[in-house]
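So the protein sequences, as listed, match chains E and W. When the first sequence is numbered by this note's numbering, its final residue is 359 and no position is left out of the sequence of numbers. When the second sequence is numbered by this note's numbering, its final residue is 1343 and no position is left out of the sequence of numbers.
In short, the hints are calculated from the structure, not lab data. Any given hint might turn out to be false.
Said to hold, decoys possible - Taking lysine-lysine and the BS3-like style, the derived pairs with C-alpha atoms no more than 30 Å apart in a straight line are: (1) W:1246 to E:345; (2) W:1246 to E:238; (3) E:238 to E:345; (4) W:1287 to W:1246.
In this text, all values refer to a predicted model and were calculated from it rather than measured experimentally.
So you can see what is in the structure, the chains are spelled out below.
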Amino acid sequence: MDNPAVRRCAYALLGVLAVLPLLATAIGDPFYLGVVTRMMIFGIAAMSLDLILGFAGLFSLGHAVYLGIGGYTVAILSHYGVTNGFMHFGAAIAVSAFAAFVIGLVSLRTSGVFFLMITLAFSQMVYFLAISINAFGGDDGLEISAPSALGLDLREPLVLYYVVFATLALVLILGFRLVNSRFGMVIRAVKYNESRMIAVGFPTPRYKLTAFVISGAVCGLAGALLANQTLFVSPSLIQWVRSGELLIMVIAGGMGTLVGPVIGAILYLLLEQVLSGWTVYWPGIVGALLLVLVLVGKRGVIGFITERRRAA
Amino acid sequence: MSDALLATAGLTKRFGGLVANDAIDLAVRRGGLHAIIGPNGAGKTTLIGQLSGQLRPDSGTVHFAGEDITHLPAHARAQRGFGRSFQITNVVAEMTALDNVALAVQAHDGHSFRFWRSARLDQGLRAPAQAILARLQLDQRADLPVSRLSHGEKRVLEIGMALAGRPQLLLLDEPLAGTGPEESARIVRLLDAIKAETTILLIEHDMDAVFALADAVSVLVYGRIIASGTPAAIRQNPEVQKAYLGDEEGA
Chain E
48 MDNPAVRRCA YALLGVLAVL PLLATAIGDP FYLGVVTRMM IFGIAAMSLD
98 LILGFAGLFS LGHAVYLGIG GYTVAILSHY GVTNGFMHFG AAIAVSAFAA
148 FVIGLVSLRT SGVFFLMITL AFSQMVYFLA ISINAFGGDD GLEISAPSAL
198 GLDLREPLVL YYVVFATLAL VLILGFRLVN SRFGMVIRAV KYNESRMIAV
248 GFPTPRYKLT AFVISGAVCG LAGALLANQT LFVSPSLIQW VRSGELLIMV
298 IAGGMGTLVG PVIGAILYLL LEQVLSGWTV YWPGIVGALL LVLVLVGKRG
348 VIGFITERRR AA
Chain W
1093 MSDALLATAG LTKRFGGLVA NDAIDLAVRR GGLHAIIGPN GAGKTTLIGQ
1143 LSGQLRPDSG TVHFAGEDIT HLPAHARAQR GFGRSFQITN VVAEMTALDN
1193 VALAVQAHDG HSFRFWRSAR LDQGLRAPAQ AILARLQLDQ RADLPVSRLS
1243 HGEKRVLEIG MALAGRPQLL LLDEPLAGTG PEESARIVRL LDAIKAETTI
1293 LLIEHDMDAV FALADAVSVL VYGRIIASGT PAAIRQNPEV QKAYLGDEEG
1343 A
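Produce the entire structure from the sequences given, and follow the hints as far as they go.
Pasting the structure below:
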């Protein structure tokens, strides 16, 4: 980002996440380690959505489809006895990227509400496909017998935590480079004024499609990590409600900042964790909070953090 | 015809029953400023759309620098040196003036599938963009978001973005639209300087500006070119006077 306060915020967050396991160990409750791991995985997924939503201005309501494709790729490979982790992650990224390429090729011909509907339609197609294939568990989902073999024991919560943390840090840092690169400048300008970018000589569709594919691939990677944590995948991963949750994380955290959506993911799952213990109506409370957040400050939680810093 | 930088032959565009451009033969010679004038509804916007690649002609051809570009998309025309500005200010308002021009420079500096180096620290983009802003006397305003520039400054920036690609031809769609007398004079001076090195095709309502700047004028009325020639010849042309200039000179 251009805003140094956002960058500082990102490094501070990475710092906290790096030392958090020490704290959890001190408390002696490894359960929280798993919760934070899950938060970081969704943080990666939310960042991938932010790339197309916050930077390129593409409102996808089907982004969970890549989460599902990444997860199912791992599950299906291990179902057929492939245990190699590099195969798992490589395939999850490749298949998601390919799916994003196909979906993007069709949906990027439209924009606005129509783009939203087409991405939703694609994710619903994949959702019903996942339900209907009984060989892969259908509605019941598919269990994964063992995590991806990477030469590390991903069953160990602490190991998984740091694998996910390293991935998050890598995606965040590469993401910052990308949005400030020549490529990043093009997709950001396209968000505001595509016709001008065409007139100036950019073949804009191929830049948008590339951003879409990168986004899908990163989200697929998050899906593969998620499958390794839960050792189970089911069609609910792909449901459009999931896509909606990703949108909430990005918007509540702060669009177009990369780190904002990570914070959004952490807060959303934190609320889910805390509130669902009190009441089954917790999504209503989250909805009300989101309403307030969007009305008060359009820049999300990250806006509050960075603005206050500037005022101080 | 052979020394024409831009030439159309029988260029026609219909919208339903309306013939917006009716078999237009236009030849813009290399060098100098060629103006197209015409009353509202004459088909100027349609013509620009067809020249720049936003509208597909129903029939006829467009040749640019000896190449048939009739079926080239807009971005490819820009890549070949066909720069344009818009009637309604069309810039990236959320970015700075320098960003806008730097993006225009970038569009002509190979592909942009470069993901690592910061574009804003890239002197290969920033330095030429700065030079253009300096020439436009916008260098003091380079780091302001475009939304904070005055209307006249935005009009100038619009021209600067078109200049960034070092175009062979600059198609300017009413660059004086909505400007006050002072801003207007500034843009006319700028165009006078630019036309010494770049061919300009100017679509403009401001007759004083057109006759001050133009080396050649074409008059578009009801979708047809009714006259082409030197400004002096156009002034004398009785058909043009009847169709168009009569009102203006009476005013």
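For each hint, the structure was consulted:
no. : hint             : verdict
1   : W:1246 to E:345  : holds (27 Å)
2   : W:1246 to E:238  : holds (19 Å)
3   : E:238 to E:345   : holds (17 Å)
4   : W:1287 to W:1246 : holds (20 Å)
In this structure, every one of the numbered hints holds.
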